[in-house]
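Generate coordinates for the entire structure from the input sequences, incorporating the hints supplied.
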Amino acid sequence: MKLLSKINRTYFKYGLIIFLVADFVIISLSSYILKQEMDEELRFEATELVETFKKDNSIHNIYPTTVVEKVDANYKLVSISKDTLIYNNNQKELAPFREYSTVIITNNQKYKITTRHMLMEFNDIFTLFTSLISVVLFLIFIGFLFFTQRLNSLIWNGFNKNVEQLKSYSFDSHIKLHLSETKIDEFDELNQVLINLSDRLELDYKASKEFSANAAHEIQTPLSIIRSKCENLFSKPNLDDETIASLRDIYLTTDRLSGIGKALLLLAKIDHGQFNTIESISLSEIFNSYLNSYQEIIQDRELIVNISETQPCLINMDKRLANLLIQNIFINAINHSSKGKEILIKLSVDSFTISNQGEEAIQNPDQIFNRFYKEDQNQGSTGIGLAIVKKIADHYNFRMTYLFKDFKHNFTFHL
Amino acid sequence: MKNEILLIEDDIELQKLVSDYLKKSGFICVCADSIHSGKLLFEKHKYEIVLLDLGLPDGDGLTCIPFIKSIWNETGVIIVSARDKLEDRIDGLNLGADDYLVKPFHLSELNARINALLRRNFHSTSYILKFEEITIDTQANIVFIQGEQVDFTRKEFDLLLFFIENKKKVLTKENLFEHVWGENSIFMDNSDFIYTHINRLRKKIKNHTGENYIKTVYGFGYRLEID
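If you're matching them up, the sequences are chains H and F in order. Going by this note's numbering, the final residue of the first sequence carries number 487, and the count climbs one at a time with no gaps. Going by this note's numbering, the final residue of the second sequence carries number 230, and the count climbs one at a time with no gaps.
In case anyone wonders, no lab produced these hints; they're calculated from the structure. Beta carbons: idealized from backbone N, C-alpha and C, even for Gly. All clues stand as given, with none of them false.
Label pairs and their calculated CB-CB ranges: (1) H:ARG392 / F:HIS211: 37 to 43 Å; (2) F:HIS211 / H:ILE350: 46 to 52 Å; (3) F:LYS19 / H:GLU282: 26 to 32 Å; (4) H:GLU381 / F:HIS211: 40 to 46 Å.
Straight line, CA to CA, 30 Å or less: simulated BS3-like cross-link-like pairs of lysine-lysine: (5) H:LYS301 / F:LYS170; (6) H:LYS184 / H:LYS154; (7) H:LYS411 / F:LYS218; (8) F:LYS19 / H:LYS308; (9) F:LYS26 / H:LYS308; (10) H:LYS308 / F:LYS133; (11) F:LYS206 / H:LYS308; (12) H:LYS413 / F:LYS207; (13) F:LYS176 / H:LYS462; (14) H:LYS308 / F:LYS5; (15) F:LYS26 / H:LYS301; (16) F:LYS176 / H:LYS411; (17) F:LYS207 / H:LYS411; (18) F:LYS5 / H:LYS301; (19) H:LYS413 / F:LYS176; (20) F:LYS176 / H:LYS391; (21) F:LYS207 / H:LYS308; (22) F:LYS176 / H:LYS308; (23) H:LYS301 / F:LYS133; (24) H:LYS301 / F:LYS19; (25) H:LYS308 / F:LYS209; (26) F:LYS206 / H:LYS413; (27) F:LYS206 / H:LYS411.
In structure tokens:
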């Protein structure tokens, strides 16, 4: 919920409660004050009446507002004010009255004097006040709405602009985070905090990027030395088998170490979005170009490679990554095909499948794309290739599925 | 006349290794360990080839390419760097570098790249290579065996040239693979692919000469040599 609607809604909710309370309080208070005023008036009238009565001893009763009646000597009454209902002949209904009664003694005769005033009906008071208060509150609310709308453009404009800035901000764009001044202390403070935060994060990000790159690069020079020294030894005559085996292991392990370093760096770079030159790529073109470059191997192993395309499979991605992806899955299929078997590549608009024939399903299909996992422990396979495939697929949100059917490993990539 | 090579590399161990190798391969090799000393050396003397590391103590090696090229444009600059070519290669080649070799590299590969560059930039360098009855014309990319032209595929040609340039040296299958397929091979599990190409090459040579010059060196790889 937007802050302003939240404020408005809260205002409305509490406004309603306050309205009810205020209504009740105002009505009770005003009726109390009215009665007080009226009682005083009635008392005054009664005193006037008594004065007149004492003077000329005549009774001028006007029912029901002024009533003087004789009462017994033992009639007991202290002055009292109270509400009462009196039947009104004209309107044929009971009407509320306020009355004041007192007793006086003149010429040994007790008289009860009652003065009354008609009261406004409660309903009337309630309706009057409630509608008055409602109107006022409603006007306030309307005013508030206009006010907040005006406020919105005034206060939130700068804030919203900055939010857009933040949304489009990325560490990789090499553009520093710029937030415009809002001239509102709270927002400007928030901006400052965000700018400081992004500066610090940018530094950290750069440092970690440099660190991984440096770490991967720095090991390559020593690896170069080990490898070259090994190669020099290869040409030495009269080496015994054990030495040959050891040298070979050192050589291959060096290669592997170098490969792992580079692959990790590549994976990190993909993570950091350093391969983001997006262009429209035809996957069948790439498949065909690799088919061409692996021609001799395919011929030699008597493999049949069949590329079919129901609809053109075009995809927006980085060309280098597309090449790496296709190359790796293609080579994987070739490597895991025995002589004379068939490799099928099916391309459609939103997916592509590569399948090669095999004897049994892969035991841990979800693991083969893990970093450096090897299904069979054969030498020379590092498992790096498929880890790269997975990374690239993840980077572009391709969903990979594996299916073993009719003695075929089917790897499908849903684009 | 021996070709002269300037090696700018700050790792002394690697410097020694490479210069020893180049001297054995028939070059004159002079070493520098920083951009500054490299520039001083180049100002005094013209080298046909400069091998340039990028991460040098006094800056990025890329910065001295324009300097070298401004003094002598024919100089062949080969960048030798641990940085992957996917990012730096374009930069380096834009600045005038002629080739790019990624660490860790094979010395035999370095040798092949230097020779290719010399043939390209200096017409004094012979573009005809010979090994026994095999003659390679590197300009026209044609192979003659006993005077007769024999067809080789691109990859077979590359392999044969590589063998002849590194004759009598052991070449591992990883080494051969990287030469034929490029450095990205490190990300792929396909070193076995090279068997195919070696066998095809052997067969062709044997068909025309009756000899198997490409010997298997047990445990290591292959070597081009005469019995």
